[in-house]
Each structure stands twice: as C-alpha cells, then as structure tokens.
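Spelled out, the chains give:
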Amino acid sequence: MRHSILRTAAAALIIGTACTALPAMAGTPPGVLIVGQSAEPKSLDPAVDTAVTDFRILTNIYNGLTHYKSGTLQPAPALATSWTISKNGLVYTFDLRKGVKFQDGTPFNAEAVKFNFDRMLDKNDPYHKLTGPFPLAFFFSDVDKVTVLGPYKVQFTLKKPYAPFLSNLAYPTGLIVSPTAVKKYGKNYGSHPVGTGPFEFVEWDRNNKVVLKRNPHYWNGEPALKTVIFRPITDTNTRVSELLSGGINVMFGVPPNSLRLFQNANFKTYQQVGPHVWFVILNEKDGPLKSKLVRQAMNYAVNKEAIVKNVLKGTATVANGPIAPAFAWAYDKNLKPYPYDPAKAKKLLAEAGYPHGFSTTFYVTQGGSGMLSPVEMGTAIQADLAKVGIKVKIETFEWNTFLSKVNAGLKGNVGMAEMAWMTNSPDTLPFLTLRTQAWPSKGGFNSGYYSNPEVDKLLEQARTSSNQAERAKLYKKVQVIVHNDAPWIFVANWKQNAVTTANVKDFKLQPSFFLLLHDVKKP
Amino acid sequence: MYGYIGKRLLAVIPVLLGLSLVIFIIMHLIPGNQATAMLGAYATPENVARLNAELGLNQPLPMQYFIWLNNIVHGNLGYSYTLNQPVLNAVMQRFGNTLILAIAALMLCTFWGLLAGVISAIRQYSWTDRIVTLLILTGISLPSFWLGLILILVFAVDLHWLPTSGMYEVYGGGGLLDLLRHLLLPAFTLAVGATTVIARLTRSNMLEVLRQDYIRTARANGLSESRVVYRHAFRAAIVNVIPVIGVQAGFVLGGAVYIETVFQWPGIGRLLVTAIESRDILLVQGGVLVVASSYVLFNLGADILQNILDPRVRA
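From first to last, the protein sequence lines are chains U and Z.
Residue numbers for the first sequence follow this note's numbering, beginning at 1 and rising by one.
Residue numbers for the second sequence follow this note's numbering, beginning at 524 and rising by one.
Pulled out of the complex, with its shape left as it was, chain Z reads as follows:
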C-alpha cells in the first residue's frame, strides 16, 4: 500500500519537470514579450530592445530556464511585474479562491451526479429516467461560458436575485453569506458538465451491478430494497466512479479559467488570463505550474482512494 503510494509520488517528479519545460518553451514561442506588452503602441524594435535589456530578458533561453528552475527548487517562483508582488504569493492567494469555487462545484456535481445516476438506474426506462437522461444530454451540450452568461442574464439582470460577478460585494459586505450568494451561479455553471459525466457513469455502473447474482441473492434473502441499493449496489458501483470524480476535479479546475472570467471570480484562472494578456511570463509560468501540479495530485489522490476502497486495483 505505502509502496504503491511512494512509487506513484516518485513518478510525479519527471511529469512536473517535463511540464515546466513545456510551459517555459510555449511561453517563449509566443511572439511579443513583456516589453512589447508594456510599451503597447509605442513598441518599436528599438524601444523593445532597450526595455528587454532593463528587464533582463535578453539572456539566452536555456539560461533563463535554468535560472527559473533553480529558483523554483528554492521556493521562489519569481516576481510579477504586473502585480508588484512575488509570484508565489499571488498564485497561492488566487489558488485558494479557485479551490473554493472548484470544491463547491465538485460537491455539487458529485451530489447531483450520483443522485441522478442512482435514480435513473433504479427507475430504468421510467419517465424519471427519461427526464434525467434529457437533462444530462442538455447539460453535456451547453458550453459553460454561454450557460454562465444566460444565468447572469436571468438571475442577476432580470430577477435581481443574485450578484453578477465578483466574490464579495465591493463595499461593506463580506462574510459567509455574501460569499455563498456570489458562489452559487459560478459553482453551478462549473458543475454542470461534470455532473452529467458522473450521472451517466453512475447510471451504467449501477445497472450493471444491479444485474449481478449477489444482488439477486441479497434480495432473495429478504433484505430491504433500500439496503440492497445503498449497502451493496451503490458501494460496488461507486468504486468505478471515484477515479472519474478525480479526473473531473481536474476538468473543473481547467474550466474555472472560463468561469472565473465570466463571473470575475478572483481566482487563478482569471489571474492567468490577465497575465497572458500582459505577457507577465513569470506569473504565467508559476500559475500554470501550480494548476498542472494540482491536476496531477488530484489524479494521484483519486487513484489512492480507489486503491483503498477496492483492493483488486492493487494487483
């Protein structure tokens, strides 16, 4: 068990190294740099060269990469010129906000996904099943940034029930209630896609398990239906759903980039979008590295959890 976890953890290191290299190369393949972004319309080759020299961007690329890597090992992701603060501070603070959004979305999609999957499985081919399937189809087909705008239009602009954007009111306010009001629309929008995936998977897994002999035996032994479904079928079905929830956690984090832009959520997605626009390269590199690492860690976590729940996986 521990050996397995240790091996998986070791495997993460080359993945992260490769990742850092890819991020670095991509950021330097994009034409235009910090100097062109800062100078805007005034970016003549001459002005750009002058500013590049002042910013230290005229060093050879491998040199810049190793300096960056060496700094990372020492816990220093560099200094963001747009935010005027260390990249690590900026990234960790925004990452916390993104986690609030992602965890809320993950709770919503896990709850609704499992519920919808179980209901439509135990009522296969009923009207409930058809309605749930229709909802799932709709959910898969909706682009989340579009859905977000529609929700804003209905619940904020027309009904005035919920705020359009931000994380707290900009004046006064604050507190849990304020956060919840701001969280509801973005978390829901973010959850829709993942909910549909989890629901479909739960449904098919449940159906498969319910057809197994031991379920029939359990029923024949006179166990109550709820006991059969909850204790036996659901537990067996969820083992296969958990790794998918782990993967969905990664997708939810990735989806947060759009959602945070639409809802102005002060998270890492929005941070990255603005950093890319202003060519704040160290900030982009640091941010992507943190997001990608967390993606890797989520998958690792899901694998380990599945491992604990289902000893067969270890073999």
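Isolated chain U (complex conformation):
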C-alpha cells in the first residue's frame, strides 16, 4: 500500500517538474516591440476615446491635421501642411498634404476631413448617432462649420475666436479616421481602426493584446519596427515582473518604489515633465476657507518639498500655480512656490481670526488617472495642517465616486478635495476650473467656487487672441493673481517615467503623454 502511494506521488512530482523544465522564455524577437499597458483599450476610435493608455495606441495608427512637435506641446503641421487664420480669428483655412492614403487605400483629402468633423459635431450626420457618443467633442464645440474649398483645401469657421483650436486638432479627439472604414464597420468601427499613421492595425485580441504592423506606405517614411504589440497588464506588480522577466519591452508609470529595480545595464529609464498639476481644491463658498489669509496659510503650512521627495521619491517637482512647467511658453518660471513656513502659516491664521485653527473635511481618492499616491499625499497634507492647528478629517472614495462628489462642488464642512489634471494646452485647466463661469452649477469644474473678475477677463482674452506672445503675457498674469489668491494648495507637477529594455533605441517620452514609435528601433 505505502509503496503504491509513494509511486503515485513520485509520478505526479515527475509530471510537475517536467512542466517546469519546459524551454525557458526567450526575449522578444527583433523588430517586435511589446508595450505593457495599465488598461485594456476602451475603443480604437479616436473620437470616442478618453484614456491616455488608448492614446498611446491611437497616435501610432492615426495622424491629425496638426501634431505636437516631438518633445514639445507646440502644434506643428501634420496632415495639414500649412494654414492661415483670418484677422478676426474665426476662419482657419488648411492646405492638406497630397498623395496620402489611409491604410485601407482610401485617399486622404478635404472630403475626408469634413466627414470626420461632421461625424463628431453634427447631430444629423448619419454616423453621429451610430458611432458615438463622443465624450470629448466639446474640444471642438466652437466649430460652426467645415467647408471643402478644393480637394486639398478645407476651411473651419468658428462661432467665436478660440486660441487652443490648433492644439486641440493635435489631440487624439482630432485624429483623422478613414471614412470608408467608418461606413463599412459602422458602430464596430472602434474595433477596426484605419488611419494614415506609421502603423496599421492587425488584431485586437480582447484582454490580451492589440497588434500593429508597420505601414509600408507611410507618407513620412517607413518605420523601423516591424510589429508593435500593446498588452494590457492591469496589475502594477505583474507589469513590473513582466518587464523584469523580459515579457515586455516598455512600461509607463513605474511606481517610485520599483524604479531602483531597473537601474542597471539591462534597462533604460526615462523621465520627462508632463502637463500635469496636482492640487487641493479649497472651498471658498462656506467656512473659514473663504478667507484668503487662511488659504495662503494652508499653502505655507504644507511641506511640498517633503511630499515630492519622500512620498513621490523625486518623480515630481513642486508646483507654483495652475499652469504646468511643460507649457514652457506660458509658464511663469519666476514665480516661486509657497515655501514651507509653519510659523508664517500660524501668524496668517491668527490674523484671519483663527488663532487656534479649525476643523474641516478633506475628500481623498483611492486612485485615479494622474492622482499619483493620493492617500499617502492626503495624509501627509493632513499631518502638516495639524501642526498649525487645522484639524482635517479625511474621507476617501473610489475614483468614480470621488469625481461625482467633487465635480458637483464642495459643500458645507467639506473644505478640501484632491485633484489632478493632465491637459494639452495651458488654457484648459484654468479655463475649466478657475473661472466664475465654470462653477459646477454652470457646467464647469470650479468645484471650490473661486471667483476673480480679473482672472475671468484675462482667460477670455487669452482664449480669443491668436498671438502667442500676447497669450503668454496674459497667462503669466493669471498665474501671479491665482498664486496670491490661493484657491488651491499648489502641490506638485508630475514627471512621467518609463522604463524600456536596453535594446530599445531612440525611445522618447513626450510631454503630451503620447507615444510616438515612428523612429524607435529594436534590433
């Protein structure tokens, strides 16, 4: 009896070990790049998409009329070779690139451009309802009509001047899709993307991979990589181990604590400032935070240097105001962030009539796009504020719940809420979150009810001016005023990071958070 049991056990052990002794994994084949993503794509239709992870795929399949020049957030010619803007800033006339074909052979021309924007903006367009909804269509809500002037000439007429227009055209929402493919696939277009970009779509195996292959007819020259595979690996630890074991070549958003695992000859690490601002919205409608002195005191009381260094391990810099340093032309680099000065904070609180501080509630999220380490950062802020007598009660929510609570506006004893934005233009964040017209009741994101007529005026001016030097001056003025009014605690600007295996060449991070693989090589 014993022998037979032992024999069975031995046999099972042998089968077990035979499985483990199967050939060890090889690295990825030459010319094949595997990108580890934190989420499964929602759609590959750029007009439908809202997720940064999806944008990394889209920017390789499609082109827009404009694109961000590599390494910047400056719109530059892409499918449009040049353009003119009418004096009143209402009419944009684009000359289009000739001889470009979509990956399905459809010629790219002015009709295709019109088709794309009609699909997104015209409720009566047959493909509007069929292929929508288009959550970010409001990027182009000021477009009145699109007119075809010739096979390679197209005109956009705006309802009112709108300076970020060229920049929004470079955003994925503005990428141009093949009209033939939309007509062919209808509501399934998002699973059969066709663009004019350097890579063409091969396969989307749900929850497993999206495969792209090089587009041999790409108008800007054939890319070096043969195949690009995007793998959704939702668990961060698993993504780290996949990169360590050679299963993927590129990973974005390596957690600060894991970065040191990749500081050796087998990997390359990249860092790049992004258009990101992490801040705490303060409630200016109810309670002690109505007082500017109190809000300034809170900015002095929080040790942002320590948060950036200890919590974020140097993956961010201290923020000075509402515009991210990535928008170099509009950012005021002479504006110094509030220094850590608890003594001054206490003095200001006393001046405002709160010598012994007060209590308030702080909404903290558990995660969410661009929120970095929200719980750790929230508790660090809570501890710093306690030191000057402000008792903060933290309430945490899951991201979607959090957004629905915060976007509806802070009420009553809820004095503070965390928030972070990644945007494509210096205009977006202040315009949507700081104007009086952007209060939640008016459909905006000004959840703290900040209001300063001067800021309102400057932002409107900046939006309607098409002179960049003038816009820069206006944005710098906005930063100085907002810095002084302190509607937020300005905390951090994130530096995005990525790690690749050492054999990946000419890889670059973009301040737009997009991924441009045209020039990347992997022998």
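Warning: the hint list may mix true and false statements.
Per the computed footprint, the stretches of chain Z lying under chain U, defined by three or more beta-carbons under 8 Å from a beta-carbon of chain U, are [said to hold, decoys possible]:
#, stretch
1, 528 to 541
2, 567 to 573
3, 579 to 593
4, 601 to 607
5, 805 to 812
The set of hints was computed from the structure by calculation and includes no laboratory data.
Model, not experiment: these values are computed from the prediction.
Glycine included, C-beta positions come from ideal geometry on N, C-alpha and C.
The hints should help you fit chain Z onto chain U, whose structure is shown.
Using the frame of chain U, we list chain Z on its own:
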C-alpha cells in the same frame, strides 16, 4: 432519484431570480455610472446628464431591470460598450478560459488534497503526518494573491522557467504546451487553498472510517492493507468529501478573480474587474450572473453525485 434532481433544479430558479435582482440593485447603488467613467476628469453633472440621455441610462430603475430581465429570458444579456460586442459572447468566451484554469486547479487540489489526507491518516502522528499538517497550515495561512506574486518572482523573474502572465505567448506560440506553461503557476496558486481544505477533511474522515468495526473485520479476514484502505476505507471516506469538493469548485471560481488579475489570465474574473472599473454595467451584471449560476450548478452537481454514491443521503 429523478424526482430529487427535478426538485433541486426547480429550486434553482428563484435563487437565480433573487440573484439577478441583488446584482442589479448593487450595481445601481454604486455611485458613478458609465457616463462618469467615460468622461473621467471631464465628468461635470451637465456632461454626465447629456451622456446618460444618449446612453438611455435616464430611465427609471425598475424599468431598466425589467428590460434587462426580459432580454435575459430571450438569451440577450445586452451589449458591452467597452468591448463593443454582445455581453453573452464576451462572457462565454472568457468563462471558457476561466473554466480551463478552474478545472486545472480543481484537478490539482483534488489529487493533492486526497493524497495528502490519506497519507497523513494512515500514518497518523508520524513525521510524514506532521510535515503534511505543517504544509496544510501554511497553505491555509497564505493569501493567494500574495503567493501568486512570490511564485512569479521566483519562477519567472529569477529563474526564468515559466512565463509571468497571460495565457499564451503574445507572438507566435500557442498550442497545448504553451498553454500548460502559462497554466502551471496560476492553477497551482489557485489550488493551494482548496487543497488544504480537502486534505484536512480527507484525513479526519479516513481516521474515522479506519476505526470502524467493519475495517477491523476486513483486516481480520486477511485482506491486504492496500485493499482495506483503497476499496473500503477510502470509498467510505470520500462520500463525505465530494460535496466539499463541489463547494471548493465554487470557491476556486471566486478565487479566480484575484488570480486572473495577478497572472493576467484572460478569464471572467479579469473581465469583471475591468468592467467594474469602467462601469460597464451590463457586462458586470451578465458576468456575475453567469459566475453565480455556475456556482449554484456546481453545488447541485456535487449534491447529485453524492446522492448517487451514497443512497443514505436521499432519505
């Protein structure tokens, strides 16, 4: 016998109905919906209302429930907005992958659990028994998602023996061998908890049976030890273990949610996690309904099997 099965099957219907209602209510109690998930940071109340209207989510809740229920009866679980395909297709395809994982884990835990239980019972208080008991204790105490990460670290990152995640290699590959390599770590991780339960139960049942008079009689009649253990004791002991294996099948399916996330197994667990994050409500409802129904069916299957093996249960 058939009457018993018929009665049990009928009892399943109200259970499934109640289940569908609970799932539906829970999904609608969670704040935030598909529109807030799609809009992300741009989710103002105004944008949300606009998108809700476009998605048809502004209808009264009871109405939405009955539409859903009516569709289910007609074999239509709805359309997943994140996957751009019918929920039923998506769920059945992923459920197949989960079944591969669950069946592999169930085979492992049944085999090792019974083996360990029998060995430690026939060698009660020996060193073998102590070692097996120690292993069982360790197995019970390890959270499976943690164990999974440790196994990945050892066998994939350090030793490079096995792949970290996925079901097949993403380029080329495929085939049974490829599947087995990817299956080994997740199936093992998933099996550990259930193995310990089955082993403990087998051990105590075996010990009890071995003390019975008829075993002593069998031995006295000169039957060989292996015949006594296999033919008599084991068969009697396993009758009580089978329903537990059925329950474990349910737990294995539930555990697959964590394991599939850790190992990126393209099964229903991972499907549900991503669907919940993106508030793809129809997909979540359909997925949970299928998992829960299969849980009910596994239990039913185990009951029926026990019924066949041991006529005493029928009474």
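Hints, verified against the model:
1. With 0 residues having a Cβ less than 8 Å from any Cβ of chain U, the stretch 528 to 541 of chain Z misses the three-residue criterion, and the hint is violated.
2. Given a C-beta distance limit of less than 8 Å, the hint that chain U covers the stretch 567 to 573 of chain Z holds, as 5 residues qualify and 3 suffice.
3. Judged by the Cβ-Cβ criterion of 8 Å, the stretch 579 to 593 of chain Z is not covered by chain U as claimed, because only 0 of its residues qualify and three are needed.
4. Counting residues of the stretch 601 to 607 of chain Z whose C-beta sits closer than 8 Å to any C-beta of chain U gives 3, which meets the bar of three, so the coverage hint holds.
5. For the stretch 805 to 812 of chain Z, the proposed coverage by chain U is not satisfied: 0 residues have a C-beta within less than 8 Å of a C-beta in that chain, short of the threshold of three.
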